[in-house]
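S.K.: Now for the letters of each chain:
There are 2 protein chains.
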Amino acid sequence: MKLPYVPSSDLLNRSRFCIILVNPENQENIGLVARAMKNTGFSSLRLAGLKGLQPEAFRTAVHSEDLLRKASFFSTLSQAVADLNLVLASTVRQRKAFKVLTIDEAVEKIKAFPAETKIGLVFGNERTGLSDLELRQANFVYFIPQVSRQPSYNLAAAVLVILYTLFRQSTSELIPQSAPPIPRKKQEDCLKIILKKLEKKGFMHETNREHVTNLLYDLFGRLALSERDRRFLLAVFNKGLDRE
Amino acid sequence: MKLPYVPSSDLLNRSRFCIILVNPENQENIGLVARAMKNTGFSSLRLAGLKGLQPEAFRTAVHSEDLLRKASFFSTLSQAVADLNLVLASTVRQRKAFKVLTIDEAVEKIKAFPAETKIGLVFGNERTGLSDLELRQANFVYFIPQVSRQPSYNLAAAVLVILYTLFRQSTSELIPQSAPPIPRKKQEDCLKIILKKLEKKGFMHETNREHVTNLLYDLFGRLALSERDRRFLLAVFNKGLDRE
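Chains as they are written, first to last, in numbering that gives the first Met the number 0: chain A, 0 to 243; chain B, 0 to 243.
Hints listed in this document are in silico derivations from the structure and should not be mistaken for laboratory results.
Model, not experiment: these values are computed from the prediction.
Please note: incorrect hints may appear among the correct ones.
30 Å max Cα-Cα, derived DSS-like pairs, lysine-lysine [as the list claims (entries may be wrong)]:
#: 1; chain 1: B; residue 1: Lys69; chain 2: A; residue 2: Lys196
#: 2; chain 1: B; residue 1: Lys98; chain 2: A; residue 2: Lys185
#: 3; chain 1: B; residue 1: Lys69; chain 2: B; residue 2: Lys108
Here are a few chain B residues that face chain A, going by a calculated C-beta distance under 10 Å [unchecked claim]:
#: 4; residue: Gly40
#: 5; residue: Ser43
#: 6; residue: Tyr152
#: 7; residue: Asp228
For every residue, glycine included, the Cβ atom is placed at its ideal position computed from N, Cα and C.
Construct all of the structure, not just a fragment, from the sequences and the given hints.
M.R.: Next up, the structure:
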């Protein structure tokens with residue numbers, strides 16, 4: 000079975016998204032953010048309030064160092080979002096001055112804007128989050144659901160949750176299923192061969208036939224046999240039982 | 000607005016889940032796993048192949064140290080899952096011997112079993128993942144979607160993705176929306192007061208009335224005014240405009 004890797008080109012057009020970190024303190028978090036971006040097909044990273052990156056960021060950015068190398072640096076969040084059309088900021092705290100959306104509402108907002116809209120997703124400092132002044136740079140503020148007030152999500156975890164949510168939105172129809180079960184007739188033919196074998200071996204007899212047949216139909220029904228399963232089972236019952 | 004923190008007791012009954020890490024190498028990842036568990040309401044952590052934890056694990060387990068303190072240690076995965084009813088393992092690699100489910104199929108499996116089913120979610124070593132021998136301990140193997148083969152998700156990120164998915168499944172109906180917009184009649188009354196003000200200030204006149212009215216209806220319609228919005232706008236137009 001081929002695993003369902005999903006190429007970057009997709010319905011949501013992830014290339015128009017920027018992930019913007021404001022004053023991140025922990026370089027390892029920046030690397031983990033880059034890795035989460037790579038996992039989910041986002042590629043543009045902006046850093047506000049930082050001038051450069053340290054080796055610790057590259058250490059955690061496994062196979063994602065290229066995203067760090069082409070990251071952009073800005074003195075302020077205001078400069079980092081200047082060319083974007085739509086800015087969304089995440090918060091874990093109650094905000095008196097701002098209406099806070101759920102993450103699902105935030106995703107619906109994003110989907111409601113035209114495909115050429117350049118979008119920034121903003122995340123604050125690990126300890127302090129985003130200030131009210133910084134939130135003013137956002138069109139919408141949203142909340143990532145969590146069980147209790149403490150702890151908040153780790154910075155890279157918060158980025159992953161929204162990116163994974165967007166990634167799944169953009170690709171949910173594209174993820175292929177594994178091979179379908181064989182036609183029901185073929186499933187039953189296989190089952191009948193097995194029943195015949197069991198009969199022949201004396202496992203099944205007048206008093207338990209109905210019961211055993213029901214059990215086997217139930218068991219193999221739930222398996223929803225694939226062609227590989229069918230071959231394997233027939234081999235087991237043809238050779239395995241005969242060898243006894 | 001109250002943020003939608005969601006208590007631990009829920010439809011999926013998260014207390015029956017164990018998160019099981021097999022031979023994790025990086026202690027900081029273990030701490031991040033504990034934090035992701037705390038964020039999403041899971042509390043039982045098992046470690047296979049480890050005898051104890053180092054300070055680095057506690058450093059990243061912000062406000063989640065209690066989960067580390069009550070973690071259980073096992074020599075082998077087989078021992079770690081012995082008392083569980085249903086075991087699911089995550090993989091990022093193609094597996095010849097095992098049918099691999101999508102993450103959504105894995106969640107459906109979990110939901111299909113009765114509420115008292117004790118469930119283990121197993122994650123392999125950061126570099127090697129789970130061996131075929133280890134996968135044999137699982138009832139089901141599932142795949143967390145990603146864009147390309149490399150990089151895989153960071154260990155704590157993989158745990159977060161499945162836990163967040165389960166958390167959202169269990170609570171999607173429970174997350175309250177913020178206050179609904181005020182009744183449409185009240186929205187329009189507010190709008191009419193503003194139109195009257197603009198008329199009085201000479202901003203609106205015979206030639207632009209229709210156009211400006213349309214623009215205002217569109218703008219305030221999209222805002223879907225809350226009671227707070229309404230009060231704020233009326234204050235702005237009553238006092239702000241009069242002060243000119």
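S.K.: Hint by hint, say whether it matches the structure.
M.R.: To see whether the hints hold, each was checked on the structure:
At most 30 Å may separate the alpha-carbon atoms for a hinted pair to count; Lys69 (chain B) and Lys196 (chain A) exceed this at roughly 52 Å. For the hint pairing Lys98 (chain B) with Lys185 (chain A), the CA-to-CA distance comes to about 20 Å; that is within 30 Å, so the pair holds. A hinted pair counts as satisfied when its Cα atoms are at most 30 Å apart, and Lys69 (chain B) with Lys108 (chain B) qualifies at roughly 28 Å. The interface hint given for Gly40 (chain B) holds, since its Cβ lies 4 Å from the closest Cβ of chain A, which is under the 10 Å cut-off.
Here the hint on Ser43 (chain B) is broken, as its CB sits about 14 Å from the closest CB of chain A, past 10 Å. Because the closest C-beta pair between Tyr152 (chain B) and chain A is about 5 Å apart, less than 10 Å, the hint holds. The beta carbon of Asp228 (chain B) is positioned within 10 Å of a beta carbon in chain A (closest approach about 8 Å), and the interface hint is therefore held.
The structure fails hints 1, 5 (numbered hints given earlier, in ascending order).
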